[in-house]
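Novice: Following the working numbering, the numbering of the sequence shown begins with 3 at its first residue and continues without gaps.
These aren't lab readings, by the way, just hints derived from the structure by calculation. Nothing here was measured: the structure is a model prediction, and the numbers come from that model. No residue lacks a Cβ here, since even glycine has one placed at the ideal position from N, Cα and C. Incorrect hints may appear among the rest.
[As the list claims (entries may be wrong)] With beta-carbon atoms standing in for the labels, derived distance ranges: (1) Arg-173 <-> Arg-88: 34 to 44 Å; (2) Gly-119 <-> Arg-186: 16 to 26 Å; (3) Asp-91 <-> Arg-186: 33 to 43 Å; (4) Arg-51 <-> Asp-13: 13 to 23 Å; (5) Ala-187 <-> Ala-72: 34 to 44 Å; (6) Ser-64 <-> Glu-106: 34 to 44 Å; (7) Gly-67 <-> Val-165: 38 to 48 Å; (8) Gly-67 <-> Ala-109: 29 to 39 Å; (9) Asp-62 <-> Leu-90: 11 to 21 Å; (10) Glu-135 <-> Gly-67: 37 to 47 Å; (11) Pro-58 <-> Gln-20: 19 to 29 Å; (12) Gly-67 <-> Ser-188: 38 to 48 Å; (13) Asp-62 <-> Arg-41: 14 to 24 Å; (14) Ala-187 <-> Ser-87: 32 to 42 Å.
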Amino acid sequence: MLIYSMGVSVDGFIADRQGRFAWSVPSDEQFRFHVEQTRELGGFLCGRRLYETMLPWETDPSMRGTELWAEFADVWCAIPKVVFSRTLDAVEGNARLATSSLGEEAAAVLAATDGTGKDVAVGGAGLGAQAVELGLVDELRMFRNPIVVGGGTPFLPPVTEAVRLDLIDTRTFGSRVVYERYRRASD
Numbered sequence: 003m004l005i006y007s008m009g010v011s012v013d014g015f016i017a018d019r020q021g022r023f024a025w026s027v028p029s030d031e032q033f034r035f036h037v038e039q040t041r042e043l044g045g046f047l048c049g050r051r052l053y054e055t056m057l058p059w060e061t062d063p064s065m066r067g068t069e070l071w072a073e074f075a076d077v078w079c080a081i082p083k084v085v086f087s088r089t090l091d092a093v094e095g096n097a098r099l100a101t102s103s104l105g106e107e108a109a110a111v112l113a114a115t116d117g118t119g120k121d122v123a124v125g126g127a128g129l130g131a132q133a134v135e136l137g138l139v140d141e142l143r144m145f146r147n148p149i150v151v152g153g154g155t156p157f158l159p160p161v162t163e164a165v166r167l168d169l170i171d172t173r174t175f176g177s178r179v180v181y182e183r184y185r186r187a188s189d
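Using the sequences and the accompanying hints, generate a full structural model.
Specialist: Spelled out as structure tokens, the structure:
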């Protein structure tokens, strides 16, 4: 199963008009939840910016400053990642540069996790939007933050046809962030 998951504002943006997203920093409760979700992944497809944002979890010892952070770093480091970039010549950590299209790379990573019980995630606004547009995403997971930012980087791209979804899980954290999990509806 291919999952696209990010923190979003009530109006559906992952970053505001200035590119800021500090309003989506998770509480410890939510971070623990992220650790458990990340533990369920057998692969991760990411764009360059997300890769660079997450790289310190694999390379910077200061990211292990708390027990919870160290646990996340261990889980994150174990996941094989495929990085989509037009500008990088090399990647570090448990990652490789994509050599094929998003559809082909997604199929290959999903095939590699078949039978393991592990899912694959796609992350980064541009790559996630492309995966949605191509119909590759099986689940959308949103951490809806109680803020309206009025514009910025949208979580979802415009679509030409409606995409029917089933709501399969919700949870409200003490920070008032609402987790919403949707699966593509079967016709």
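Novice: Each hint needs a verdict: does it hold in this structure or not?
Specialist: Going through the hints against the structure:
Range check, Arg-173 to Arg-88: Cβ separation about 37 Å, and the 34 to 44 Å hint holds. As the Cβ distance of Gly-119 to Arg-186 is approximately 20 Å, the hint placing it in 16 to 26 Å holds. Range check, Asp-91 to Arg-186: about 36 Å between beta-carbon atoms, so the 33 to 43 Å window is met. At roughly 22 Å, the beta carbons of Arg-51 and Asp-13 sit within the given window of 13 to 23 Å.
Between Ala-187 and Ala-72 the beta carbon distance is about 39 Å. The supplied range of 34 to 44 Å therefore holds. In this structure, Ser-64 and Glu-106 meet the distance hint of 34 to 44 Å, their C-beta atoms being roughly 37 Å apart. A hinted range of 38 to 48 Å holds for the C-beta pair Gly-67 and Val-165, which are about 40 Å apart. Between Gly-67 and Ala-109 the Cβ separation comes to about 38 Å, which falls inside the hinted range of 29 to 39 Å.
A beta carbon spacing of about 18 Å between Asp-62 and Leu-90 agrees with the range 11 to 21 Å that was offered as a hint. One distance hint, 37 to 47 Å for the beta-carbon pair Glu-135 and Gly-67, holds here, with the actual separation near 38 Å. At about 22 Å, the CB distance of Pro-58 to Gln-20 agrees with the hint of 19 to 29 Å. Roughly 44 Å separates the CB atoms of Gly-67 and Ser-188, a value that falls within the hinted 38 to 48 Å.
The given range of 14 to 24 Å is respected by Asp-62 and Arg-41, whose C-beta atoms sit roughly 21 Å from each other. Judged by the Cβ atoms, the range 32 to 42 Å given for Ala-187 and Ser-87 holds: they are separated by roughly 33 Å.
Of the numbered hints given earlier, the model fails none.
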